[in-house]
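Novice: Letter by letter, the chains look like this.
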Amino acid sequence: MSLPISGVPTAVDQPGQLPGAQPGAAGPGPAARQPTTHALARMGRAIRSNRKATVGTVLLAIFLFAALFPGLIAKDDPGADAYQPKLGISTAHLLGTTAQGQDMWAQLVWGTRNVMIIAFVVGLAATGIAVLIGVAAAYLGGLWDGSLSLLTDVLLVIPLFPLLIIIAGYAHGGGTLVLILVITVTSWSYTARQLRSQALSLRHRDFLEAAKVRGERRLYIIVVEVIPTMTSLIVAAFLTNALYAVLFASSLQFIGLGNPNTQSWGTMLYWAENEAALQTGQAMWAIAPGLCIALLGAAFALLNYAFDEIGNPALRPVRRRRRKRA
Amino acid sequence: MRRLTAIGAVVAACLLAASCSAGKGGSGSNNSSSNNAKTASSVTISNENGALWTCGFSPFNGSDTLLSVGFVYETLVYQNALQSGHTTPMLASSWKWGNGNKTLTFTIRNGVKFNNGSPMSAKDVVYTFNLIKKFPALDLTGDWAVLSSVTQSGSNQVVMTFKHPAVPAFYYIAGQTPIVPQAIWSKISNPVSFSDPNPVGTGPYKVNPCTKQNITYTANPNYWQPGLPNIKKVQYPAFTSNNTANDQLANGQAQWGSQYIPSIKSFYTAKSPNFHYWFPPTVNVSVVPNLTNPLLKNVKVRQAISYAIDREKVSSIGESGYEPPANQSGIVTPTFSSWQDHSLASKYNYGYNPTKAKQLLASAGFHPGSDGIMVNSKGQKLSFNCINIGDYSDWVASMQVVAQNLKAVGIQVTPDNLTNTDFTAALYAGKFQLAYYDQQTFGPSPYYELRNWLDSSGTAPIGKTAATNYERYINPAVDKLFTQFASSTSDSQQHSIMNQIQGVMLSQLPIIPVVQAVDWYQWDDSNLSGWPTPNNPYAQPAAYAYPDQGQVLLHLRAK
Amino acid sequence: MRFALRRLGFFVVTLWVALTLNFLLPRLMPGNPALAMLAKFHGQIGPGTLHALEVLFGVNTQQSLWSQYVTYLHHVFTLNFGPSLDFYPESVTSVIGSAIWWTLGLVGVATILAFVLGTGLGIVSAWKRGGRLDSVLPPVFVITSAIPYFWMGMVLVLIFGFTLGWLPTQGGYYVSTDSPGLNWIFFQDVLSHAVLPALALIITLIGTWILTMRNTMITTLAEDYVRMARAKGLPGRRIMLDYAARNAILPNLTGFAMSLGFVVGGAILIEYVFNYPGVGYMLLQAVQGEDYPLEQALFLLITVAVLVAILIADIATALLDPRTRTSG
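Residue numbers (our numbering), protein chains in the order written: chain A, 1015 to 1340; chain B, 274 to 832; chain C, 450 to 777.
In isolation and in its complexed conformation, chain A is listed as follows (with noise of 0.2 Å):
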């Protein structure tokens, strides 16, 4: 499966292609069948083994904690128009203060958990809504798959970002909470398509026969043959649709559409826009929260990519073989 930025399909959508299109090429399957406890040892091991997964989760971490525990990094309130206008850089401001005099650390740190918690909820519900309609087409079958699959496409096709600005447009911005509700019941289609079809591929998988046979009901197959075997697709998917969330909720946020009283990445970026940030020497305001913007991301899509590796080893850096000397 290679990178979905940017809303490029995998070769897993072309009909009847499996991914790395090679009869037998390591897709996800070989290591289906162990525990759980032994597929999270072996992640474990395969991100410290990659570079770029383990830059990945060290990035993830990182804004982890700044969401978690932003008192312990940054002291002021984020929000209190408290000091000086405009200052620079400087040990008791990091980044220097807003044009309304708010620590701009402060607000870069704080701003982190807004991001995070759209990010997580999003990612969690849309990836949910994915394996959901994904599975449920390809084992369900018949109409229930023409209809669902119909509906996937449909909504994949439809430009998303204009129909998110109208549907903020029309909901006159919103907190948070809209921003979150309108983009997981937007976003989960590009996922839900390769879920689709993976589960497509593995339903005539030899365990899955056998457990036909064994007379379990199909519920069962479904959540406990099936879909344990997808978890790194599932991961990947709760990746995809994490990174999509950042990007999506912080634009709205840039160009008006949330709350502007909200401490976030995109809010800040909104601020410096309206004050003309870059024109008046004030750069620092734009470019640090869209720094993160494209680190967290780019933590996503690492990590993303790192488990594409990890699935593939197709895909893995070739490692050049020193030529011994004679």
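Hints may contain errors.
Taking lysine-lysine and the BS3-like style, the derived pairs with C-alpha atoms no more than 25 Å apart in a straight line are [as the list claims (entries may be wrong)]: (1) B/LYS570 - B/LYS629; (2) B/LYS651 - B/LYS680; (3) B/LYS680 - A/LYS1089; (4) A/LYS1100 - B/LYS538; (5) A/LYS1089 - B/LYS586; (6) B/LYS586 - A/LYS1100.
Hint data in this document are derived by calculation from the structure and do not stem from the laboratory.
Using the hints provided, position chains B and C relative to the given structure of chain A.
Specialist: This is chains B and C only, laid out in the frame that chain A set:
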């Protein structure tokens, strides 16, 4: 593949080369002089309108008046609100009040022609006023609320009679009502929807041509003031975004700005010694309490709010210091300093005083609750929502400061940022607890703005639409004061009435002014002189102020 | 034939869904937002127009939902979107007409350039596995594709616009000095204003295509027929282009089409940052100005454009790759 990338590189290089040669023309600041040297007798305006031009110039259409009145159409008199109503005769050469201020007679100037060459006379004036009487939608300034008749007397006089004395209405009748040619407008079947794409007026300019992106005004060869205007061409581009308009000022492409520019010193004035700005204050931006709210009804609560707000900080942080702190008396300074009653103001001494605010709340029976919010013995908390226009980021920022100030004394205010439409709907209907707003009614004295806020004729019950008095302040004694002001012409009488009105603002606080809204104005005097300045405020300097922008253009000349 | 019909059918269904969404959204939102908007414009637009808009948005109307829907569909198919409220009395179609060329130019050129460059670099990177290009490119572009579009724009503005002062940072051309027309000055002006926005778009888009092309190339290079070509002794460049790339590019074409939806989204943000007078910028302004007729029309336009592009890409893929025809 290598071939493709090579081609790509060549294409990119070409683009860069082409754009570098074109790009240098505008992004540096050293080009302002070379750009303007070839067009010294033209001026370009930078006023962001938020939309492209519709090329309609009807002087009776609220969205188009700023484009036509002053440039193409003129009024009887020019009255300068910044100089205590100093008057300059325009289409009327003189006038006289009579009959206890119930009659106003104008003598119409001789020798004035419309820009198509036909002469203007008293009959056009009479026609114009009766036109807007017949079609009230055209009466933008509400002239006929006070007028009872307008007739011609003799060959060059116009006599206006009033229903009751209304001297302040002179500003609207004589200073803001544009005179249109009878020959043209009498042939229009529906003047209300007439867009007037080729305006014919007596003013210094004609429209030639107008496109969606830009209006070009050229000098009117038939203009009645000899030798004027000096500036033969005016360019008025349509800007849809603030940033683009600001950019055009910063790189010298536009010389006359009416923009809100953040961090104006580093954005604008630092770029050239010829770039200046001035923001004359006009009206108050206030916290508007809903006086029907049981907690806000208590004057001590309102007083506490007024003492708790750090107006200096709201001004410096919310408005980048452009809009100076306001006075609780409602008198805008320095514009109306001569109206201020200093002894009254110092008696109340409203300034940033959180301690006094807390004392007042205590004396009103409030004590801090466990969550820090003031609560009284009945369990009622001082917790309010404040509606605000979300689009105005400076108001949003100001509200943040106000909320923080009030939190420090135990009053919780939650800003509710609404769209323009939702805000005005809620404001007019009284569906708010607190609101943040200003009345865009500026005139030659504090009367105009304060009357809108305080006179009960502008209010309505909650749920119905109030036109101007949104806080629902009803005080017949104050209504009488405004009527008295309207009938008097004696300076001393007017001042003494205005002092009483200030007393009401200070003791009853129907609204709580926070900062003073200003006219936005930037100018570039590298090639043009004659600009209005704080030392010579001969007109309101914003390009959107009409008919003042016509006066500015009449004063401008090449250096 | 069946394939083409299926794709066409999908096109029609998606279009119908978009139209219905457009119709239902203002009615579903709590407190029909159109109500407030129409109240605001009450005095400014003629009563006939007002009534037409009320029908369009389901305000104060006695008609049943179904008949409103039918009227709405009729209007859409006769391209009668009514007047724009921000630009009243100009009609929505004429307002859009002025902006669409800017977007087509900017987005069209930038997307094609990004696709060509990206695919090219992806092919080379895959061909030279383990080379310097291959080890540097993927991580770099993983990161650039996670960069928000508008931030890329802001960074470029900062570097090339303000710090170096090489290029203009706002608008499509210098509104106050140039008049649109077929003259060299105008053309130069337009080009110089287009460089930064196009660059921002290209940089954010290119990463995806490099990576996907690289990944599909790598998979294709492992195929038997490539090995056969190598065994036959064919020159490397020929194998890379004629055997591998030609097959690897097919999934990318579909991906290209699919990603257009996102390209459009990114273009909106870039137009916003640069105040570029295109359709995306106009959509944002319409939303901020509560110009609902214009908003709706723009959304439909964007959706139809994306659908058409996908249809074309699908047909192209079907023509180029027989496998999709049979398995579809």
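Novice: Decide, hint by hint, whether the structure agrees.
Specialist: Hint-by-hint comparison with the structure:
no. : hint                 : in the structure
1   : B/LYS570 - B/LYS629  : holds, 19 Å
2   : B/LYS651 - B/LYS680  : holds, 21 Å
3   : B/LYS680 - A/LYS1089 : holds, 20 Å
4   : A/LYS1100 - B/LYS538 : holds, 13 Å
5   : A/LYS1089 - B/LYS586 : holds, 23 Å
6   : B/LYS586 - A/LYS1100 : holds, 14 Å
Violation of the numbered hints given earlier is absent; every hint is satisfied by the structure.
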